[in-house]
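2 protein chains.
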Amino acid sequence: MPTGVVPDLDALMQSLPDDSLVVEPDRMANYRWDRAHDPDAGMPLAVVRATCTEDVQAAVRFASAHGIPVVTRGAGTGLSGGSSAVDGCIVVSTERMRAIEVDPNTRTATVGPGLMNGEVKAAVAEHGLWYPPDPSSFEICSIGGNVATNAGGLCCAKYGVTTDYVLGMTVVLADGTAVELGGPRLKDVAGLSLTKLFVGSEGTLGIITRVVLRLLPAPRIPATLVATFGTLEAACTAVLAITRRMRPSMLEFMDKASINAVEDMTRMGLDRDAEALLVMQSDEPTGFAAVEIAAMAKFCEASGATEVFSTDDPDEGEAFVTARRIAIPAIERRGSLLLEDVGVPVPRLGDLVMGIATISRAHDVEIAVIAHAADGNTHPLIVFDPMDAEQKSRAQAAYGEVMELAVGLGGTITGEHGVGRLKKPWLGLYLGDDVMALNRRIKNALDPDGILNPGCVL
Amino acid sequence: MPTGVVPDLDALMQSLPDDSLVVEPDRMANYRWDRAHDPDAGMPLAVVRATCTEDVQAAVRFASAHGIPVVTRGAGTGLSGGSSAVDGCIVVSTERMRAIEVDPNTRTATVGPGLMNGEVKAAVAEHGLWYPPDPSSFEICSIGGNVATNAGGLCCAKYGVTTDYVLGMTVVLADGTAVELGGPRLKDVAGLSLTKLFVGSEGTLGIITRVVLRLLPAPRIPATLVATFGTLEAACTAVLAITRRMRPSMLEFMDKASINAVEDMTRMGLDRDAEALLVMQSDEPTGFAAVEIAAMAKFCEASGATEVFSTDDPDEGEAFVTARRIAIPAIERRGSLLLEDVGVPVPRLGDLVMGIATISRAHDVEIAVIAHAADGNTHPLIVFDPMDAEQKSRAQAAYGEVMELAVGLGGTITGEHGVGRLKKPWLGLYLGDDVMALNRRIKNALDPDGILNPGCVL
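Chains as they are written, first to last, in the numbering used here: chain A, 1 to 458; chain B, 1 to 458.
Calculated directly from the structure, the hints in this document are not laboratory data.
The beta carbon of each residue, even a glycine, is placed where N, CA and C say it ideally should be.
Don't take each hint at face value.
To be clear about the criterion: a stretch of chain B counts as covered by chain A if any three or more of its residues have a C-beta under 8 Å from a C-beta of chain A, and this derived list gives those stretches [to be verified]:
(1) 7-14
(2) 157-167
(3) 235-248
(4) 375-389
(5) 408-418
(6) 421-434
(7) 441-452
Derived DSBU-like pairs (lysine-lysine); straight-line CA-CA distance at most 35 Å [said to hold, decoys possible]:
(8) A:Lys158 x B:Lys158
(9) A:Lys158 x B:Lys256
(10) A:Lys424 x A:Lys158
(11) A:Lys121 x B:Lys298
(12) B:Lys158 x A:Lys121
(13) A:Lys158 x B:Lys298
(14) A:Lys298 x B:Lys158
(15) A:Lys298 x B:Lys424
With the hints as extra help, turn the sequences into a complete structure.
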């Protein structure tokens with residue numbers, strides 16, 4: 001609060017259900033950080049554990065009346081610090097907004113933001129339906145956070161990102177007004193594309209309290225191909241050969257450091273000497289999947305793969321996908337992480353991963369690289385010892401250089417995690433002054449007092 | 001011009017290439033109307049036939065300096081009056097901005113807004129690639145207009161709408177600044193989702209001078225199924241049975257009036273007695289397409305289809321698709337048209353088409369209905385004699401009632417054509433006051449002087 005005057009929370013408490021307002025510092029501590037572990041996270045004035053849109057409205061109206069910042073959080077698994085609390089803010093937690101209604105007739109689900117991505121998948125699967133977006137953290141990340149960051153995942157190579165599945169939403173605006181945007185209509189061009197604007201807005205334009213998700217029929221069981229390579233270049237050549245010609249349902253990349261970290265954890269027999277590993281899937285119908293897998297195998301071999309292995313067995317295939325998914329926790333065993341999310345046009349993927357290797361050597365810090373290769377979206381994981389200030393500083397220098405490298409290659413500073421607070425210093429480098437100004441005009445139009453997630457993104 | 005003072009166009013002419021500025025009234029007449037044939041279209045002050053982004057900037061800077069409205073047009077095939085000129089405006093025509101650069105490595109095309117949709121398709125097909133969105137008018141509508149209206153088409157049942165294929169763009173803002181948004185990156189969440197905001201903004205937020213389109217590998221040749229029905233209800237039941245379970249690559253609907261109008265034109269042997277006809281396609285791999293076609297045939301039969309016919313022959317299949325595509329010109333032979341574009345959640349499709357039949361009877365006007373059935377997006381075509389003022393007035397009453405019916409069924413007033421000027425009176429009914437206000441805040445933030453396409457949408 002700019003004035004330093006603590007407003008009376010009684011009025012807010014009275015407009016909320018019992019046990020919705022948390023003011024005890026020890027309980028509030030659970031709501032200060034997301035997984036970016038921002039050391040500068042502030043201490044909230046209060047946490048509102050909202051149960052419905054009206055609770056969120058009450059919180060925002062109170063905040064608006066008193067000029068108090070509002071930070072929204074779902075499951076707190078964000079990786080860019082978009083949910084870090086700021087001093088004196090109200091944290092709106094959507095963790096209790098977990099309703100889901102699946103409508104097989106419209107092939108949509110209407111979902112509370114607090115439900116986990118994996119819970120959405122499970123609920124719709126009971127109706128023979130599928131919600132594709134699949135961040136690696138799908139079991140622990142909330143759908144509201146997914147929408148707020150326009151989250152990606154492994155399926156995006158073929159099935160796109162979160163925004164492609166959001167048909168509508170309820171949003172609480174900065175003045176507490178709740179608006180309904182879109183709905184279970186597959187085509188709708190009446191008025192500006194506001195639903196799409198709120199997707200990826202990281203809590204800076206409004207608070208999403210309900211989303212209408214488009215669903216697909218249940219996916220087919222995929223066939224899996226795994227290939228190892230003696231050089232990063234060969235693996236990236238294979239990626240490009242594949243993405244030029246086909247749409248695998250998955251095309252994931254792991255470098256040597258990631259392979260070894262996962263092998264340390266799983267002992268599943270990955271080739272520790274390989275410089276890179278690709279995990280590919282085809283979910284085409286039986287027979288045709290075999291054709292796609294064979295084509296991908298051929299491109300891998302022609303690009304110099306040292307070993308190529310395919311399987312139709314779903315469990316065996318899933319084991320490799322899991323290996324890729326657990327890479328982050330596996331590498332986290334080696335130290336603290338600065339988790340990158342840079343993306344480039346696919347033809348520049350080789351330049352990016354080789355440039356990252358150069359940065360790693362130059363700063364003498366370990367950087368493990370995993371990637372949603374078909375999207376050109378990489379996650380360089382910079383490992384450091386948090387007790388070693390000098391190493392930490394080298395890691396931070398490398399973190400910035402990786403973003404600068406990506407931008408220099410025509411890429412983005414964040415493909416799917418969001419800008420949050422961690423990447424804010426580099427956003428201007430990427431967008432340039434005019435697009436930054438355009439972002440600010442939208443922000444100012446929707447949140448003139450700047451109370452929504454201040455310090456995030458812009 | 002508010003002041004009535006005509007500004008000196010010499011300065012503008014000097015900042016443009018030769019033959020870019022049109023001021024002769026007879027030449028300007030070609031730039032006053034789109035296919036909505038708005039009788040209230042105004043007379044422009046000048047037409048700028050831009051050749052590049054800089055020409056558009058020159059036009060907008062001049063307009064901004066003098067407070068002159070700017071109306072952008074591509075091919076002028078808009079159906080909602082979004083490109084109708086207003087008195088004293090500058091029309092910016094993108095017809096000469098026809099460059100295309102296809103990059104098979106990133107599977108993207110960078111395209112000038114004046115290129116036709118069909119030309120984009122043809123250019124990328126030379127590289128074995130595919131741009132899916134396919135308005136029925138694809139041979140004569142520009143890609144810039146498609147992006148400005150977030151156009152749909154027949155492929156959307158499976159492949160989505162224009163916004164799903166727009167990765168980036170250059171936009172000239174209301175003050176003449178040109179900004180680059182997005183680019184050939186498949187995932188990018190750095191900053192607000194501005195690219196998506198400009199898609200569908202109908203020239204009210206900026207002028208799109210270049211788009212980066214995502215492409216897919218070339219499509220497979222589809223198998224086709226045609227089914228006729230004795231009642232509208234049976235056809236809509238079949239649609240829902242299909243969309244609940246599968247994603248055909250096409251699922252189009254024609255009612256009796258459309259069937260007969262097309263049969264009058266083509267003599268292809270359509271069943272003139274059928275109350276409805278569905279044209280369905282599957283583009284799954286050979287073998288599996290047959291499975292999908294068989295499943296759809298089964299759902300049609302179970303819903304009471306009177307005849308079901310399938311073919312693997314691409315020419316035979318394309319003949320039925322063409323029959324559907326030419327329905328609008330076929331019905332246009334019967335009189336002037338008010339072309340509707342209402343959409344509902346798919347389960348309400350039956351209520352919508354049966355309600356339209358009721359409106360048709362109540363106002364004693366012919367309304368032919370075609371629909372992108374899998375999207376719930378219908379095009380009721382209201383036929384009237386423009387010389388018969390009384391009939392025209394009944395047609396206009398029906399036009400409004402169709403929109404009110406759709407909104408009452410949880411639907412939208414426009415699925416893919418845009419609000420333009422024709423549908424503006426109904427936008428508030430659909431969006432409500434709060435969402436209208438939200439639209440206006442965005443509009444005011446980006447175009448504070450209101451020079452961009454005034455009177456359109458908002």
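These are the hints, each one checked on the structure:
Closer than 8 Å: that is the beta-carbon criterion, and the stretch 7-14 of chain B has 0 residues meeting it against chain A, so the requirement of 3 is violated. Interface restraint, the stretch 157-167 of chain B with chain A: holds (4 residues with C-beta to C-beta distance below 8 Å; minimum three). Closer than 8 Å: that is the beta-carbon criterion, and the stretch 235-248 of chain B has 6 residues meeting it against chain A, so the requirement of 3 holds. With 3 residues bearing a CB less than 8 Å from a CB of chain A, the stretch 375-389 of chain B meets the requirement of three and the coverage assertion stands.
Counting residues of the stretch 408-418 of chain B whose beta carbon lies closer than 8 Å to any beta carbon of chain A gives 9, which meets the minimum of three for the stated coverage. Coverage of the stretch 421-434 of chain B by chain A holds. Counting CB-CB distances below 8 Å, 6 residues qualify, and the rule asks for three or more. Here's how the stretch 441-452 of chain B fares: 6 of its residues keep a CB closer than 8 Å to some CB of chain A, so the rule of at least three is met and the hint holds. For the hint linking Lys158 (chain A) to Lys158 (chain B), the alpha-carbon distance of about 13 Å falls within 35 Å, and the restraint holds.
Distance restraint check for Lys158 (chain A) and Lys256 (chain B): the Cα-Cα separation of roughly 39 Å exceeds the 35 Å cut-off, and the hinted pair is therefore not satisfied. Under the criterion of a C-alpha separation no larger than 35 Å, the hint pairing Lys424 (chain A) with Lys158 (chain A) is consistent with the structure, at around 30 Å. With a CA separation close to 29 Å, the supplied pair Lys121 (chain A) and Lys298 (chain B) stays within the 35 Å bound. Of the pairs offered as hints, the one joining Lys158 (chain B) and Lys121 (chain A) holds, with about 20 Å between alpha carbons and a cut-off of 35 Å not exceeded.
With a CA separation close to 29 Å, the supplied pair Lys158 (chain A) and Lys298 (chain B) stays within the 35 Å bound. Of the supplied pair hints, the one linking Lys298 (chain A) and Lys158 (chain B) holds, its CA atoms being roughly 29 Å apart against a limit of 35 Å. Only pairs whose Cα atoms come within 35 Å are accepted, and Lys298 (chain A) paired with Lys424 (chain B) is rejected, the gap being roughly 55 Å.
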